Amino acid sequence: MPPTVKVMRRPEGVRTSFLRATLKGMALTFKHMVNPNKITVQYPEERMEITPRWRGTHRMETHADGRPKCVACGLCPTVCPSNCIRLVGGEDDQGNRYPIVYEIDEFRCIFCGMCQEVCPVEAIHVGVHYENAEYTRDRFVYDLDRLMEQDHPTSLLWDPSDPKSE
Amino acid sequence: MSDQQTPNTVTFTLDGQEVTVPKGTTILRAAESIGIKIPHYCFHPGLSSPAMCRLCLVEVEGWPRMAPSCKETAQDGMVVFTNSELAQKQRTGVLEFYLVNHPLDCPICDQSGECDLQDYVFEEGREHGRGREPKRVLGRDDFGGDVLFNGDRCVMCTRCVRFMREVAEDERLCVVERGNRAVIDTFFEEGLEGSPYAGNIIDICPVGALISKDFLHKARAWDLDRTPSVCPSCSQGCNITLQVRDDLVQRLKPRENLEVNGWWMCDFGRHNYEWMNRTDRTEVPMVRGQEVGWADALGDLLQALKDAKESVKAVTWAHAPNEEMGLLSGLLAELGGGEVVYRSPRTEGEVPLPGFPLLARREDLAPNVNGAEIFGFRRVGDNNSQGGLDELAGHDGVLIVVGDPIEDYGEDFGSKAELYVYLGSYQSKTASNAHFVLPITTFAEQEGTYTNVQGRVQRFWPGVRSPASARPGWLILGALVAELTGTEAPVSADQAFAKIAEKTSEFGGITYRDLGPRGAVAGKPAGVSGD
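Chains as they are written, first to last, in my numbering: chain A, 1 to 166; chain B, 1 to 531.
Note that these hints are calculated values from the structure, not bench results.
Mixed in with the good hints there might be a few duds.
Only pairs whose alpha carbons sit at most 30 angstroms apart, straight line, appear in this in silico BS3-like list of lysine-lysine [claimed, not checked]:
1) Lys253(B) / Lys306(B)
2) Lys69(A) / Lys213(B)
3) Lys37(B) / Lys253(B)
4) Lys69(A) / Lys135(B)
5) Lys164(A) / Lys69(A)
6) Lys164(A) / Lys89(B)
7) Lys213(B) / Lys253(B)
8) Lys416(B) / Lys429(B)
9) Lys135(B) / Lys213(B)
10) Lys38(A) / Lys24(A)
11) Lys218(B) / Lys69(A)
12) Lys23(B) / Lys71(B)
The model shown is predicted, which means the values in this text are computed figures rather than measured ones.
Let the sequences and hints guide you as you build the complete structure.
This is the structure in C-alpha cells:
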C-alpha cells in the first residue's frame, strides 16, 4: 500500500496576531540585558580560563642552551596509541643522544597525554592551549623546531591537590 | 627425561617438583629444563661459571648458606627453593648493590629493552634506591673494532673476559683493579681491533656496557622484528636472527645451534648485511621491455621455452637456495639438458674460532656452495665471483640467469642469445638484452634452505617484505617445470623442497619437518630438535 499524506488545511479567515509573542520574546531579551550573571565571553577580547590539566598541542622543553631536552629514547612513539610521533635518534658532537627527526602529526594525535606521562626526561609535553588554526594542512605536522618554539604553558595531567585520583 | 632412576641420573626436589636430570647437571640448568628461570649474569652456557654475580643463589634445605645454582650440581635428595622468601630477599639485596654505581640511563642506552639488569630490577628490585653517595663515573671507552665500552653500566660479570680467554683464545680483555674499583679494560692501546670474533662479547654482555658502534642509536630493541635465518656470508651457515625495522635489516645476531655455531658468529658475517637493504631492485615482470602481469609473463616464457628447445645454458650463484637450484636443474632436464654454472666468492684460509672447533669463517663466502655441488653445477669465475662467463655471454641458444646480477659484464651480455631469461632481484646492465626479466625475492624475503659446509640443510624464514611483484625463484621455476612435465606446481617452499628431494639422493629423503629450526644433515634425517 502506497504511503499517503494527510494534508492539514490552515483554517481560513482566522486572523493571528504576533504581538503577544513578540512582546514575550523582547521581555526575555530585556531580562538578560539587566541580568548581572552574564555568561557570554567576548572572545577574542576576553578568553576563558582553561584548566591546568587541559591537553592541547605539544611543546618540547629545552635546556638553557637551546638544545631539546629529548634524548630520543623512543618511549613516546612506542606508547603513542595513534602512532603520530616519528622519531629518528642520533648522536651529537658531544656524544649526547638527541632526536635528529622528531615530528608529531597533530591531526592524528588524540591528545591522550601518554607521551608526556612516559617521557623520562620531561621533554615532550601536551600544552594548555587551544588556538591552532593554520592555512594549510601540512602545518599541522609539528617538527622539532616548531615544538621547541611553542611557549604556552604545559599540562599538569593530574590534579595537583589529588595526584593519585583518590 | 625418564622417570626410571638409573645410576647416571639424580632426582631432587626443585620448588616442590621432582626433577630427574643427568648426573653433573647444575641446579640452574635443571631448573631451566622444567621452565624455572633463575636470574643470573655471569653464567653463560658457552663459558665457565665463576659464580661471581651472586644473583643465582638458591636456598638448599639443610645447608648453612645459599648455593650458587650455576656452579652447584644437583644431588640426590636435595631440596632446593629458588623462590623462597630468603632467595627473593637475597636477589633484591644483590640488585640494590648492582644499582649503587649504575647510571640508570636506560633512556639513552642501546641495551634498553633487552637488558637483564632492567628486567631483573623491574621484577624483583627495590622500588626506590637508598644510595646517598655520588655514583662513580667512568665515561665510555672505545675498545676498537665494533665495540664501545661504557664502564658505568658494567655489572662485572666478566663474560666478555672469559669469552676472549676461553672461546676466542685471544686474551685481550682483563679486569683491572679490584673490588669497588674493578673495571674491564684492554691492554694499553691494543684494543679489540682485528679480533675476528670480538663482536660476540656485545651479544653476551647482559647489560649495556658493551655496545655495537654499528648499531648505536639505530633502533630500539622493542622495535625490531626478529626472524630466524641462516647467515649468508660463508658456507658455515651460522644460525642467525635477522633483526628488522621498517623492512630494513638493522643487525644480525647469532642464534643457538650447538651443531653449527654454538652461540657465536664471526664479525665478518655480522656486519655483512647492508646488501640486504639494496634498493636497486627489479620490481615488475618485463617481457621484451614491456611490463606485464605474472600470468602473461609465465605463459609467454613457457611458449618461448617450448619453441626454442635447444642448447640451454644457465648461470646461477651460490646465494641461491636449494629450492631454486634444484628446480633450475629440473627445468634444464626438461629442456633437453644443458649445463649450469655458478659463481661464488672465495677467500684464502679459514678463520676458526679456537674454543668452538665446529665454527670457522669458511673459504667460500657464499652460503650454498655445497648445494650447488650437490646439484652438479660447475664452478666458474675467479675468487671475487668475477669473470668466467665469456662462453655464456656470446651463447646463441637459450640463456637462463638465476639470481646472479652479473655486474662485471657489459651491456652486450646475452645479446646473441635466442632466448635470454633473467630471474634476478637486482637491476643489472647485463639484463638489458634479456627477453624476460622476472623479479625474484632475496633470501631475506623468502623461505628456503641452504646446504652448509657440513652438508647440513638449514631453513631460513622471510624477515623483510619484498617489492610487491617479486616472487620466490622456486615458485617461478616450479611453475615452469610443472607445466612442462604436467605435474602439480609447488606452492610452498616445503613442497618445492619435497619436489627436489625426491630427485636428489644426496638429501636422503629429508623433509621440512625433519629440518626444524636447527636443520638436519643431508642423508641422515634427525629428529626435530627443540627450540
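Check your understanding: Which hint numbers doesn't this structure obey?
Key -> 1
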